[in-house]
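Chains A and B supply the protein sequences, listed in that same order. Take 1 as the starting number for the first sequence in UniProt numbering and just add one per residue. Take 1 as the starting number for the second sequence in UniProt numbering and just add one per residue.
I should point out that these hints are in silico values taken from the structure, not numbers from a laboratory. A few of these clues could be false.
No copy is singled out in the list; a pair is fine if it fits within one copy or between any two copies.
[To be verified] Simulated crosslink set (DSS-like; lysine-lysine; CA at most 30 Å straight-line):
{"hint": "1", "residue 1": "Lys415", "residue 2": "Lys140"}
{"hint": "2", "residue 1": "Lys140", "residue 2": "Lys421"}
{"hint": "3", "residue 1": "Lys189", "residue 2": "Lys34"}
{"hint": "4", "residue 1": "Lys173", "residue 2": "Lys189"}
Here are the chains, one letter per residue:
There are 2 protein chains.
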Amino acid sequence: METSFTGHIVDIAGRRTYPGTIICREGKILKIRKVDEVREGAPYYLPGLMDAHVHIESSMMTPVNFAKAAVAHGVVGAVSDPHEIVNVLGTDGLDFMVRNAGCTRFNVCWGLPSCVPSSCMESAGAEIDAAETAELIRRKDISYLSEMMNYPGVLCRDAEVMGKIAAARAAGKPVDGHAPGLTGEDLAKYVSAGISTDHECATLEEARRRAALGMKVIVREGSAARNFDALARIISEAPDMTMLCSDDRHPDDLMQGHIDAMVRRGTALGISIWDMLKAAAVNPVLHYRIGSGLMNPGDRATFIAVDNLTDFNVLQTIMDGLVVYSAADGGLDRQALMLAEPSSEMPNRFEARRISEPDIAIGYGPNARVITAYDGELFTGREEIPAEGLSDPQIQKIVVYNRYGHNSPKTGYIKGFGLVKGAIGSSVAHDSHNIVAVGSSDADLVRVINAIIDAKGGIAVSDGRDTDILPLPIAGLMSGLEADELSARYKELDLKAKRLGCRFHAPFITLSFMALPVIPSLKLTDMGLVDVDNFCFTEVLY
Amino acid sequence: METSFTGHIVDIAGRRTYPGTIICREGKILKIRKVDEVREGAPYYLPGLMDAHVHIESSMMTPVNFAKAAVAHGVVGAVSDPHEIVNVLGTDGLDFMVRNAGCTRFNVCWGLPSCVPSSCMESAGAEIDAAETAELIRRKDISYLSEMMNYPGVLCRDAEVMGKIAAARAAGKPVDGHAPGLTGEDLAKYVSAGISTDHECATLEEARRRAALGMKVIVREGSAARNFDALARIISEAPDMTMLCSDDRHPDDLMQGHIDAMVRRGTALGISIWDMLKAAAVNPVLHYRIGSGLMNPGDRATFIAVDNLTDFNVLQTIMDGLVVYSAADGGLDRQALMLAEPSSEMPNRFEARRISEPDIAIGYGPNARVITAYDGELFTGREEIPAEGLSDPQIQKIVVYNRYGHNSPKTGYIKGFGLVKGAIGSSVAHDSHNIVAVGSSDADLVRVINAIIDAKGGIAVSDGRDTDILPLPIAGLMSGLEADELSARYKELDLKAKRLGCRFHAPFITLSFMALPVIPSLKLTDMGLVDVDNFCFTEVLY
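All chains should be built: construct the whole structure from the sequences, respecting the hints.
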């Protein structure tokens with residue numbers, strides 16, 4: 001079957017457009033033929049956009065449903081790190097993701113998580129060591145070693161950490177970084193280990209230092225961390241060293257805009273469209289050696305149409321020669337996007353037993369350590385107060401409960417969520433995804449936790465009377481719902497949490513980082529209260 | 001010993017300058033300390049410039065003398081391909097270059113030539129196959145596999161060619177390219193073989209296509225090929241993908257200016273100084289993993305001082321903490337530059353015996369094939385004319401004579417040099433460096449050829465009465481003279497060649513490419529007349 005698309009051909013390398021026809025045969029680009037002219041208002045055809053770093057699980061959607069949402073924004077593929085599900089299910093989780101994504105034409109470049117578990121101070125569902133990494137990294141469906149968060153391990157040249165990196169390099173696959181705030185000689189040492197990207201830059205200065213060392217800067221605009229405005233200039237200064245990513249995005253954010261929105265925002269800031277398109281479409285294909293996607297003859301016939309290079313509204317997304325999304329003509333064409341029907345499997349691991357109020361009681365002591373949460377931040381502060389101060393209505397209880405059946409619930413105190421009644425909880429709790437809940441009463445905490453256990457995963461709100469849950473039956477991380485329905489349900493729960501008095505912009509996102517002991521300063525994991533700064537466990541009451 | 005240098009510190013990564021003091025101890029940078037202010041007119045300190053691709057032999061100077069000339073222009077190192085001497089002497093030539101350069105603080109990053117010999121249609125003095133390449137590329141003093149000129153071999157995935165590339169990649173060393181004019185799918189195929197640079201771009205379009213495929217573009221301004229003006233824009237468009245080089249430069253050109261002159265020219269064209277400095281100083285260090293040279297603490301204390309970032313006049317070149325060049329204070333400090341006295345060795349291979357006129361006689365035939373030479377071009381044209389037309393005074397004889405003692409002299413006809421009397425000759429004749437001569441009479445041709453044989457290499461002019469020669473006793477390629485003296489002698493011979501009627505801008509450079517059978521279209525080698533377009537030998541008279 002031969003199909004053709006006529007319009008302005010966007011030649012990113014040549015920094016020009018020209019009138020032409022893309023001729024596709026059997027899903028591939030046969031050639032692009034120049035024509036004399038095209039009709040008024042003809043579309044602009046260009047390579048599809050790539051999300052250069054994303055944890056698909058954070059969308060709470062399966063890869064299939066993520067793809068359905070992404071193609072509406074001209075995103076034809078993603079460099080995806082299945083870090084969340086692999087921490088829950090090990091390679092079974094990886095295999096599920098690969099199989100599920102493989103049912104679509106959406107092009108996922110899969111990474112092998114480098115930090116499973118992320119820390120020895122929490123219990124994950126799996127462990128992948130250097131020896132297993134060396135086996136897995138050779139798989140054809142694995143393209144890179146994903147974010148090496150253990151930068152202390154890199155800096156001290158820990159044998160396990162270096163073994164994983166060496167295995168990836170020997171297999172000729174790039175190693176992704178994750179080095180928030182790292183500078184100077186430490187940064188140089190981190191890069192010299194062979195780590196070639198970072199998506200954690202928060203300042204232009206950080207981005208420049210990384211690019212100057214030959215490291216690619218992946219500019220992030222997620223639901224929580226939003227770095228685009230601060231980093232935009234690096235795209236002009238080092239257009240070949242930058243990519244764009246969403247990292248962690250909730251479904252409602254994904255529906256609003258994706259990499260296309262970053263391109264629009266960049267050009268509005270005065271960045272050349274050619275530099276933006278290098279970052280958005282070209283550089284991920286080169287860096288991750290995706291091997292197709294730049295509209296060269298012989299490539300898969302996967303590209304997009306936009307109205308023009310200023311407004312940059314996506315009109316069509318074409319994959320393997322088929323129009324899978326058309327803004328003017330019915331939106332998504334599910335049948336065109338899919339290669340096969342995904343199985344109905346819902347892999348999970350949820351062994352925790354229901355709890356009751358005595359399980360989350362805390363003893364007595366003269367003083368208490370209280371976690372301080374801040375709106376939209378992954379880090380926390382700490383307060384040390386006399387125990388009588390715990391009656392402050394701004395302080396609530398936080399519970400983290402091992403979902404794999406290993407430990408009893410751990411309870412601590414937290415300030416900042418502002419719940420005046422009820423409780424909220426989630427089985428999305430980076431990076432081990434145990435159950436985390438914050439509540440104004442033990443009864444409500446027990447209610448949301450048990451609701452999550454009954455559903456084998458989900459996000460839940462108890463308002464003191466009713467408990468509402470959005471089940472996440474796939475690994476306790478993902479729903480089977482599509483973006484619109486999922487987004488609507490998510491927004492309902494978000495609103496309910498806010499009605500309990502929570503003043504955070506995104507309560508469940510902030511909640512999901514309260515159990516992550518690799519980010520300072522005081523965190524509660526399923527193993528207990530962690531003094532991250534001193535890398536040790538500590539007592540709630542003392 | 002601790003030394004310090006105070007002025008404006010040029011922070012290329014940060015795209016800014018700040019007042020500071022560079023503190024050096026034992027030849028290394030200990031730290032850079034910010035200061036409150038510096039004196040009016042204080043110098044600007046920045047990383048030294050790197051020539052990212054050069055054949056030092058083309059300067060006709062030894063590495064020691066090349067270094068002496070280079071440091072006066074703020075060039076502290078070079079990525080050098082000893083292609084010429086290795087084609088003459090094999091690894092003995094490589095070892096000589098490494099030893100000689102090692103007597104200085106000048107930082108040479110040595111490549112292993114990938115094409116020895118360059119062609120099966122000429123006789124070189126050595127051969128390096130894939131098996132030997134696999135051995136040699138592992139040497140610590142070898143940093144990359146140098147220009148892979150055999151692009152037909154790459155495109156057809158020739159086993160020997162691919163074996164050399166695979167060996168370099170297995171050793172973790174980059175592979176340099178050389179792909180003039182290659183486009184489209186052929187270019188993509190060439191890049192996908194693992195070749196990561198090209199210094200042969202002549203148009204912006206070529207440069208953009210290469211950068212778009214992830215290939216670094218080395219912008220060249222040599223004595224013959226001058227691409228800077230055509231390519232300058234790529235430095236703004238893809239500042240992390242570009243480097244600057246001289247490739248082949250004669251001593252007089254090197255004395256005029258080097259990478260510093262390219263920086264000045266770029267900023268005069270409106271290119272940001274920061275982008276120019278990335279190309280001139282930073283990118284070669286990153287691409288070739290030189291590991292020092294960016295003024296980081298712990299780096300060798302090798303950097304330069306300029307008057308300001310607009311005029312960009314080099315005031316000082318500092319190496320390992322020592323001032324090796326000071327414009328205001330005596331120029332070059334030989335003692336500071338040198339680490340050891342170079343040996344007086346002059347490796348060579350020159351077995352050819354003297355010839356007489358009958359050796360260069362041509363037979364009889366009704367028609368003749370005539371090479372057409374063009375000013376400054378490496379390619380030639382061809383004419384096929386009746387033999388009686390050979391009496392045209394614009395047509396001279398060209399002789400190529402194997403210097404290794406293998407073949408008798410080969411003689412052909414050439415047009416374009418415009419010699420009305422006398423002859424010129426050279427033992428610099430790419431890539432096998434046999435003797436090449438063009439002359440208006442057999443007597444003069446014999447005279448220059450025998451003078452070159454007697455001297456075991458050199459460039460020579462006979463004016464019908466006297467023969468003048470600049471001896472090149474090192475491999476028939478290099479003199480022991482320093483730049484100023486060598487340049488003066490070279491200019492004398494150049495002038496003498498022009499007095500014979502030669503209208504070429506640089507007669508000896510053009511002459512040196514007349515025996516190179518990898519560039520179209522009709523060439524004479526020591527083995528005979530080569531029809532390059534059809535890849536076969538052909539008859540002069542037919």
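Subject >> List of violated hint numbers, smallest to largest >> reply: Per hint list: 1, 2 violated.
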